[in-house]
Structure formats: structure tokens, C-alpha cells
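FYI, the numbering for the sequence shown is 1 to 242, going by the numbering used here.
The hints are simulated quantities; they were obtained by calculation from the structure and are not laboratory data.
Since the structure is predicted, the reported quantities are computational estimates derived from the model, not experimental observations.
Mixed in with the good hints, there may be bad ones.
In silico lysine-lysine, BS3-like type, Cα no more than 27 Å apart, as pairs [as the list claims (entries may be wrong)]:
| # | residue 1 | residue 2 |
| --- | --- | --- |
| 1 | Lys121 | Lys79 |
| 2 | Lys12 | Lys46 |
| 3 | Lys191 | Lys12 |
| 4 | Lys14 | Lys191 |
| 5 | Lys57 | Lys46 |
| 6 | Lys57 | Lys191 |
| 7 | Lys14 | Lys46 |
| 8 | Lys220 | Lys191 |
| 9 | Lys15 | Lys79 |
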Amino acid sequence: MSLGTNISYLRKQKKMTQEQLAERMNVTRQTVSRWEADEAVPELGKLVDMCSVFACKLDALVREELSARSNIYSDIQIKRVASFKMASYTMISPNPEDDVNRYMERWAVNSGLKTACPDAKLIGWDFPFVTQEQQNRFGMHGYAAAYVIPDHFETDCPGVRYLENAEADYAVITITEPFAQGFERIPNAYKIIMEYLQANSLKGRQQEHTLSCFEHVYVKKEVTYMDVYVHAGGTAKKTDAL
Numbered sequence: 001m002s003l004g005t006n007i008s009y010l011r012k013q014k015k016m017t018q019e020q021l022a023e024r025m026n027v028t029r030q031t032v033s034r035w036e037a038d039e040a041v042p043e044l045g046k047l048v049d050m051c052s053v054f055a056c057k058l059d060a061l062v063r064e065e066l067s068a069r070s071n072i073y074s075d076i077q078i079k080r081v082a083s084f085k086m087a088s089y090t091m092i093s094p095n096p097e098d099d100v101n102r103y104m105e106r107w108a109v110n111s112g113l114k115t116a117c118p119d120a121k122l123i124g125w126d127f128p129f130v131t132q133e134q135q136n137r138f139g140m141h142g143y144a145a146a147y148v149i150p151d152h153f154e155t156d157c158p159g160v161r162y163l164e165n166a167e168a169d170y171a172v173i174t175i176t177e178p179f180a181q182g183f184e185r186i187p188n189a190y191k192i193i194m195e196y197l198q199a200n201s202l203k204g205r206q207q208e209h210t211l212s213c214f215e216h217v218y219v220k221k222e223v224t225y226m227d228v229y230v231h232a233g234g235t236a237k238k239t240d241a242l
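Taking the hints into account, I'd like the entire structure generated from these sequences.
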């Protein structure tokens with residue numbers, strides 16, 4: 001890990017020149033150049049100020065190889081997601097993600113959703129209400145999956161819970177090949193978002209009729225992606241359909 005490389009990477013991510021960063025840090029451009037070349041180490045106060053400018057954690061700045069993120073994680077965006085209806089189901093099992101996704105795939109066929117809307121989106125999120133015995137003795141955890149139901153599609157097919165998610169702002173990050181190292185890449189995406197929200201005073205929120213977070217997996221040109229959404233008090237001005 002190189003602190004100078006991290007500073008250079010974050011500066012370029014912010015589309016700032018060395019002169020602009022120097023002005024924000026109240027130092028000369030030559031000082032910034034020396035930081036990025038690892039010829040000098042910023043004082044602690046400057047590192048703290050840098051974290052405010054770059055919206056990152058101090059620990060990440062000085063310990064992680066941030067440039068490695070660029071091939072895996074997108075920049076975070078705040079998106080206003082329009083309200084949507086969904087059909088959901090929750091499972092608690094040793095492998096609930098696969099179990100509940102298969103269940104919802106069958107439901108989508110039986111309800112006619114797959115025929116009427118072949119591109120209907122399947123989203124999912126962790127279900128935390130699992131007992132200690134289920135976790136420790138049986139190795140179980142919970143997961144919920146839901147199909148987003150388009151406005152023009154109507155069904156009362158049983159076996160699911162019908163819900164509506166209110167319009168809300170979400171911090172969104174995209175993971176490339178999330179399952180290549182699933183137990184690392186996916187939790188780290190949530191960590192990156194939470195650091196971003198904290199640094200920008202956009203705390204995650206729990207609100208009635210609004211999912212606090214969810215995931216959407218899709219394939220594009222034979223590459224798998226996952227969009228992670230975390231509810232936030234954002235400043236999005238444009239409303240997008242999910």
C-alpha cells in the first residue's frame with residue numbers, strides 16, 4: 001500500500017488538479033507532488049482534512065490500496081428511486097439466497113410475470129430476524145427476494161407478500177463480478193457506502209414503507225454486476241424508475 005498512490009487516486013477521482021488540492025490543503029503544489037511521490041508524509045491534521053475533501057475514512061486512506069477498488073466498484077451516486085410495487089418472499093435456511101431466488105423464479109412463471117415482463121427485476125436483501133439457535137446450531141440465515149411489478153401487470157397469484165416501496169433517495173454503488181469473492185466484495189460495498197454517507201452527513205435511514213437497503217444482480221455482455229442500494233437522506237433531484 002502506498003499513501004501517495006492513494007492520495008493521487010482520490011484526487012483524480014474528484015477530478016482535481018494538484019494545484020486545486022494544494023489550495024484546499026493550504027499548501028504548495030510542490031508539497032502535494034511530494035506527498036503523491038511518497039517523498040513526504042502529510043501531518044495528521046492534513047490527513048484528516050484530506051479525508052473531508054475526499055469523503056473517505058482515515059483508516060482507508062492510510063491502510064487500504066484504494067486504487068484496487070476502481071476495477072471492482074463504481075463511484076457512488078445518490079439516486080431518487082420512484083415508488084414501486086413488488087411481490088416478496090423470505091426464507092431462513094443454510095443457503096437462503098439461492099433458495100428464495102429459485103422460489104421467486106417459479107412464482108414469476110406461475111403468475112405470468114415472466115411471460116408478460118421477461119425483464120422484470122428481481123431484488124433482494126438480508127433478513128436479520130434469525131434466532132441464535134438457527135444461526136449457531138443450524139448455520140442458517142435469512143434473505144428476502146422480491147420481483148418489481150410493473151404498473152401494467154396485475155396478478156393476485158398466491159405464495160408471496162405484496163408490498164409497495166415509497167419514493168426515496170438511495171446511495172448506489174455497482175460491483176463488478178460480485179460473486180468472484182462474494183464474502184469480501186459485497187460486504188465491502190456496503191462499507192464503502194456507509195463511509196460515504198457518514199463523510200457527507202447523509203446518514204442511512206430506516207423509514208416506514210421503504211426498504212433500508214437492497215441488491216439487484218444482472219448480467220451485461222457476459223459480465224455479472226450487482227447494484228447495491230442503501231437508503232439515505234440524499235440530494236437527488238431526478239426521479240428514476242428502478
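Kindly indicate which numbered hints from before are broken by the structure, ordering the numbers from low to high.
none
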